[in-house]
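Number of protein chains: 2
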Amino acid sequence: MPPPLLVKSRAVTINQSGPGRHPWVMYGRYTQELGVYAKEEAARLRDGGGLRRSTSVRSRSAELLEYEKDPCAKCHVCTSRCQKFLISRVGEDWIFLILLGLVMALVSWVMDYAIAFCQQAQKWMYGGLNSNMLLQYLAWVTYPVVLITFSAGFTQILAPQAVGSGIPEMKTILRGVVLKEYLTFKTFVAKVIGLTCALGSGMPLGKEGPFVHVASLCAALLSKFMAALFGGIYMNELRNTEMLSAACAVGVGCCFAAPIGGVLFSIEVTSTFFAVRNYWRGFFAATFSAFIFRVLAVWNQDEETITALFKTRFRLDFPFDLQELPAFAILGIACGFGGALFVYLNRLIVECMRKQKTINKFLLRKRLVFPAMVTLIISTLTFPPGFGQFMAGQLTQHESLVALLDNRTWSRQGVAEEFDYISHSHAWKHPQVNVFITLIFFIVMKFWMSAVATTMPVPCGAFMPVFLIGAAFGRLVGETMAVMFPDGIHADGSVYPIVPGGYAVVGAAALSGAVTHTVSTAVIVFELTGQISHILPVMIAVILANAVAQSLQPSLYDSIIRIKKLPYLPELGMGHHEKYNVRVEDIMVRDVRYITLSSSYRDVQEVLLIGQLKTLALVESTDSMILLGSIERSQLQSLLSLQLGPSRRLDHLRRHAKDNDTHTLDTHTHLSNLGTMDNPLSPPCTHTYSNSTSNSARHGVRFVVSVAEVSRIHARVMRVLNPLPQIAEWEEQQLDEPVDFNNCKIDPAPFQLVERTSLHKTHTIFSLLGLDHAYVTSTGRLVGVVSLRELRKAIEGSVTVTGVKVRPPLASFRDSGNNTTNVSDVTELHKLWNRHRGLSLPRDPTPVKNICEAHCN
Amino acid sequence: MPPPLLVKSRAVTINQSGPGRHPWVMYGRYTQELGVYAKEEAARLRDGGGLRRSTSVRSRSAELLEYEKDPCAKCHVCTSRCQKFLISRVGEDWIFLILLGLVMALVSWVMDYAIAFCQQAQKWMYGGLNSNMLLQYLAWVTYPVVLITFSAGFTQILAPQAVGSGIPEMKTILRGVVLKEYLTFKTFVAKVIGLTCALGSGMPLGKEGPFVHVASLCAALLSKFMAALFGGIYMNELRNTEMLSAACAVGVGCCFAAPIGGVLFSIEVTSTFFAVRNYWRGFFAATFSAFIFRVLAVWNQDEETITALFKTRFRLDFPFDLQELPAFAILGIACGFGGALFVYLNRLIVECMRKQKTINKFLLRKRLVFPAMVTLIISTLTFPPGFGQFMAGQLTQHESLVALLDNRTWSRQGVAEEFDYISHSHAWKHPQVNVFITLIFFIVMKFWMSAVATTMPVPCGAFMPVFLIGAAFGRLVGETMAVMFPDGIHADGSVYPIVPGGYAVVGAAALSGAVTHTVSTAVIVFELTGQISHILPVMIAVILANAVAQSLQPSLYDSIIRIKKLPYLPELGMGHHEKYNVRVEDIMVRDVRYITLSSSYRDVQEVLLIGQLKTLALVESTDSMILLGSIERSQLQSLLSLQLGPSRRLDHLRRHAKDNDTHTLDTHTHLSNLGTMDNPLSPPCTHTYSNSTSNSARHGVRFVVSVAEVSRIHARVMRVLNPLPQIAEWEEQQLDEPVDFNNCKIDPAPFQLVERTSLHKTHTIFSLLGLDHAYVTSTGRLVGVVSLRELRKAIEGSVTVTGVKVRPPLASFRDSGNNTTNVSDVTELHKLWNRHRGLSLPRDPTPVKNICEAHCN
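Protein sequence lines, in the order shown, are assigned to chains A and B. FYI, the numbering used here numbers position 217 of the first sequence as 217, with every residue one higher than the one before it. FYI, the numbering used here numbers position 551 of the second sequence as 551, with every residue one higher than the one before it.
Warning: the hint list may mix true and false statements.
In this list, chains with the same sequence are indistinguishable; a pair is considered to hold if it fits within one copy or across any two.
[To be verified] Straight line, CA to CA, 25 Å or less: simulated SDA-like cross-link-like pairs of lysine to any residue: (1) 793 <-> 278; (2) 355 <-> 449; (3) 793 <-> 106; (4) 565 <-> 276; (5) 793 <-> 550; (6) 186 <-> 227; (7) 793 <-> 276; (8) 793 <-> 124.
Worth flagging that the hints you see were computed from the coordinates, not collected in a lab.
Generate coordinates for the entire structure from the input sequences, incorporating the hints supplied.
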């Protein structure tokens, strides 16, 4: 009899959040490779009963996951691969980054051109039909509806994961989680074409997030291409991660021609801990990319030379007065509240639609109806002869922004006419309505429109719309100030009038900073406007906006991560110090599933059947519980399949046939059936074995194919063999044998924590090393396990997000009795020590008591 | 008999690099707390023989080190301390940062004022004596010599660690190493006064590095002050580290009124991995500080409003032509070579002086002679009527920089006379000599002068002089360009003349970036000049300069770290991919000293006597070698002192006295001597014991004092007791007893690596977690240990720094036979497994063979 207590008595509580639990999300679905894996597993479970469940060979996705998830844990693979590095030249990184920059600059320039063309086409149609209002309206409305519907349909068919911003997914990928299909060529095509159409429609959508995704796609595809061409260094995953983080910087840098801001923004948005040694990669690639991007503009004679994208012309000698700073500070705080509101509104819309079952069902069936409807409403409202006249409806985002950053004061109707480079300001001046009304109307309408539009299932970001709203809000404050202090507020004689354009810059930086929880938007505006004179007001406003927004809501990207239920570790809120008081022992799962060195195959089978854990702990014995390492699920599966595999089965049958000559016909039919199959079957099987124990990395791809074949043949064999009664008996015997761990790859140093490690530190270690689980040990004994899921729960429990704070269950308990937990610590050690002394000493409880007293001193 | 094999057979190879090995360095000495510790230990070894060596109680420095070094490893301490966080308010961080910003702004403003006053005084003296050339010369020379000598003497007497930049030390401190005396009030005073004098002398010295140090000092002192006042959160070390990194940003931010550049520069210069969640702290504090710093200038009516420190007025509409970019790129590359040369020259000077024994001895005796001599030479050479007339000698650094960033073109002698805000340009125009000659002379002279001046033992940095040289070099290139293309190089009709000031900006950023290996100097120049129009040239030049300099030399700060032999982990060079090929097993120390659960006190004593390791491994048994945890040296010392302590000694004597009534007089005298001592002795002893096992964190400080007392009493007791012959016998008995680990605090989860972990990953983990050693295990068995020292050696062996590359000893071996190491891995497991199966199965070598074959497939 196998010891069933070992496995059965321990309930399974840890589950990787499987894909079954991820509801369909308004924009984009989360289907990890794990999903495929789980489905395969489920199919196997349906197909055959009992044994065959676990005798499956390693699934393809498990194979992929193993080498691509969490490069840190795979040192074996890395090192064996990295030996190829010796042949690599020093310059390869540079070449790759230059190529990446070049490609991205070209892609973004072509996209910009296409978007401008689309927008021009709409204007031309709209302008050409100005004789008939109805036709004009139809043209104005149909054009974006068609574009958006096409964009939604195209991405839906080709690659649904191209939907949305892409920054949340990149954050997750850089965190170490593999979201395979997010970096494929299909996604690239879907994202680029979808985004071009979406932006060409003139809806309030942004391109920053999608550009980050597109750049990452470029980097990933370029890596694959280079690996296929040159091999060597391009095969390394660690390097690929570094390149991905550089690519994020390139994305932002290209989008705004802002290399420094791009690097900083991408760091703030995607990383938790940033390796400073990767810094230069980002700077290099982003600079090169921004350079090429701008050079293309010069070359195309759009510009005379390389300058900023939204160049401002504020006066340099006296940019702002010291006494204006309170106004800037108030603007920042207001933007903070606005940013939090935007994130809340965006989430509310998604959640409302998801909860309303009728809407949800309808939208699920007719996926293109929602974007079409939203586009229809928004374009109707912005129709220039209609409501649009009160909100500068005919201007594109670019034109609006140029107008808002104008250095003239609107409320006094064009003081400095010498600047004739802007012709969009007149759109803001309505004959009947004050410019203030126009601005307020613009802000309010654009606010909810942007929040709604960014939930459409098309590739789109929210940065640019928010930036625009912020600029409008800043302009509003600036104009108000200009009216209040027509001669400026400088004390002595000289008159320095207030520059409302400066307020617009500050507002744009502050609102976009508040929504994304970044301070680098400050740098982005400097690069975007080409002027740094307002540095102090911008910094003050951005920091205040961040402070307000961070205390109210998560960032937009974190919010989307939560909505999409991506496997990400949330940030610890700032200032919430109770996280120091929660310890691993409060959140860990105590019923760890494990294998001992003396486990039988039956135990392994049972452990595999119970749950979906990717790795299992290996302990010395149930008694000692000393943690020796962790084994991957796939390894255990191949162990089982080796033990009960067809070749051994065949051996047994042959021996059985020799022993008693009954069943001659029956067995012989089977054997002749198998005889033909035996040859193609055995070699891959041995191959499987050799791979799993050693250098499977190099043979990875080839192996996967052969395994798929084997799997099919295997299933056939099983179907043929199973009916025999003696096989069932033989199986039972085989299962009772102890496991032969020689054939198994064991990770001999899984990451370990102590019970008393604080939540704060656990979080730090998890994010630093990109772990997804860690064992909790007490002087070598396995006492629990903590996975990302527990950690996420604990953090979300302890951090106030929606106003209600849930304290972790055991935290309050410890507040009263501080030192009680120390005892268990020492007791454990004492037990171990005593156990070790064994029989020589009598088990005397007094030392423990002594220690307790000592603790309570 | 104790098992002597256990300890003796294993040679000691790991040593913390003790202070004895640190030679006296030209500027500043490295005396860590470890030094004090080692001295105490040595004193103990001298004082008494045999037993008393190891019965010492925990030394003060060990106590301090325990709680202040590497907060990550001290979760017990952290969590118990952090419970006080519950009472803390959310806003405390903000308050602290505001206070820090305020204090630093005031300090830097006052210092700036004092420096300006000093420089003005020199000018006034020089100007007042223009009738007599000799008097004038004497005044010109004496003034700086006096100031520098005073500065050197003052810092030497008060706090020698205030000497130099401070950035290398801050880098080391933020890495997790405690350099206690670097953050004291004495150092603060010495640094502030010394720096003011040094800068006031007009020598080519910078203030950026010292400001970083001063800001860190402010933060540390403010923390202490707040902790004394309010307690709670201010006691936490994790938090203090976060605040120190914010302080570094404040330092740079204040120095240049450049908050963004300050944050980025401080990150690049001090961190290896940066926690993005600490980002806002830096930004907040630096912005607030820069704001106050500039507001003080406005309030003092130096300025009308808040603007940049070195405001430039380049034209906005066409800042530079696309065809000028090659010139900028060449400028960047040249600056890269220049930067590397500067670092090399600086190190060469220090090393020359150290190697030349006569010079070294002389300088050691007369410490003030060297700075006085250097100052004399430099000020003689810059004497305006002498050589100074060819290198704008009468200008201060500030004035020179303002002149160099001028937007007029010098080679055509003042085209645009409408700008009258600069009056320093005339200093560059010599009646007989071309402006090019002046510039070249200036660059060459300042180059070596700065390299020499920064080696003086005064508080000083090198950033500003390098920045100035870069600006001059850029100006030189720009003027050359302007001469070559008098009408600009734009193709079509419009004339856009070349702006040499733009080249000066680019050169300044590139050279300072090359010397410090940072790209954020680009951001600093934007903030410093208030113009961002040259962003692309600056970025291109800075990146190229970095690429060149990084491949030739370490950064200036890393060079100083190496010169001062600070305990820091060097960076992995970029592009040197062989680091992936070195594994932990190549560099680890295999002879680990350890304690087993069955060790006797004699083993412990021997282990303690052999070396200076701070922590020792605890394994289950010599046979199994399963790693259970690590024990601190101090813990073992207290275990020993408990076992052989005076109270137990006394007990034994009493019992002995009872047993046989001989020696009545002798023993009684001793007992009566001890009787008075026993009472004050015992309670602290128990206290020691209770502390060491549990919450010593809270009692930390109090405890240290009581231990010092105990130590003294203890020594007296020992002197009284030792002569008795029966005591020696008793001691021998006691030593043979097995250790009682109940009274010992064990870290149950020391950091572990696997043999096959690559050097690259080991480096990452060490820098991420701030480790100073890690155990190497193979399926739970301890096989080696890696400390910072081994890692440093391995990296310095594999990274080319001075042109000679040393490959690690075993790396070449593995290139030929790839899979051989896999076998050992599996063999280990196999052994364990077999051992576990024990007697039931025969030891069969075939499975191993099978695996080998499988591996070699």
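Could you check the structure against the hints above and give me the numbers of any it violates, in ascending order?
Of the numbered hints given earlier, those the structure breaks are 3, 8, listed in rising order.
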